[in-house]
Amino acid sequence: MKNVTREQADIIGEVANICTGSAATALSVIINRKTNITTPVVEVLSKEDALESDDHILVKVPYTKGLDGTNLIVLKCNDALVIANLMMGGNGTDISGMQLDEIALSAVSEAMNQMCGAIATSMASILGTPTDIGFPLINSKGHKTFEIPDELCNGTDIVKVTFQLTVEGLIDSELLQLYPLSIVKQIIKQEDI
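In terms of our numbering, the sequence shown has 75 at position 49, counting the first letter as 1, and numbering is strictly consecutive.
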């Protein structure tokens, strides 16, 4: 399978939709705010321009069991600051002086860890095989903890799933998930069983 077909992309979109619904519930619990993630828009791309943007953070989700590889979550910096502020006991509105420093990134990492744990649990039930993730790693402007996997920027197919993320009057924004071809193949293969 060199290219991802529309049907296969739609399967990934459906898997992402179920998994991200669980992630929204997890986020809602830890920030104590109503959180909603809409039905996704699914695209097949050869590269993703948001990977080079200063306005976003990249969250690398490494699979340690069930799937082999990683996928990326792309979140706007402002949304990450709101989440960090809520995680640290703020009200999510007083972020004007905040920076994505180590403390804020640590709070975002913990939120992403909880969300990604929920994603792994949902993925395991969809695929019928135990699925685990490692601790998510975050890249932001001036703070790099990982190299972007080659397969997300070397011209092979990527399935990009775009959700609308809303958090009770504080966030109304896009959340992206990027699935490289290798992960797409594994999910499709499991789904075919």
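There could be a bad hint or two in this list.
As the list claims (entries may be wrong) - Just the calculated beta-carbon pair ranges, DEER-fashion: (1) Glu128 - Asp176: 24 to 32 Å; (2) Lys211 - Glu128: 33 to 41 Å; (3) Glu78 - Ser54: 26 to 34 Å.
Claimed, not checked - Below, a list of computed lysine-lysine pairs in the DSBU-like style, where the Cα atoms sit at most 30 Å apart: (4) Lys102 - Lys170; (5) Lys215 - Lys167; (6) Lys60 - Lys167; (7) Lys73 - Lys215; (8) Lys102 - Lys91.
Think of the hints as simulated: they come from the structure by calculation, not from any bench. Think of the CB as a built atom: it goes at the ideal place given N, C-alpha and C, for glycine as much as any other residue.
Going through the hints against the structure:
no., hint, in the structure
1, Glu128 - Asp176: 24 to 32 Å, "holds (28 Å)"
2, Lys211 - Glu128: 33 to 41 Å, "holds (36 Å)"
3, Glu78 - Ser54: 26 to 34 Å, "holds (31 Å)"
4, Lys102 - Lys170, "holds (16 Å)"
5, Lys215 - Lys167, "violated (36 Å)"
6, Lys60 - Lys167, "holds (29 Å)"
7, Lys73 - Lys215, "holds (23 Å)"
8, Lys102 - Lys91, "holds (28 Å)"
Going down the numbered hints, you'll see the structure goes against just number 5.
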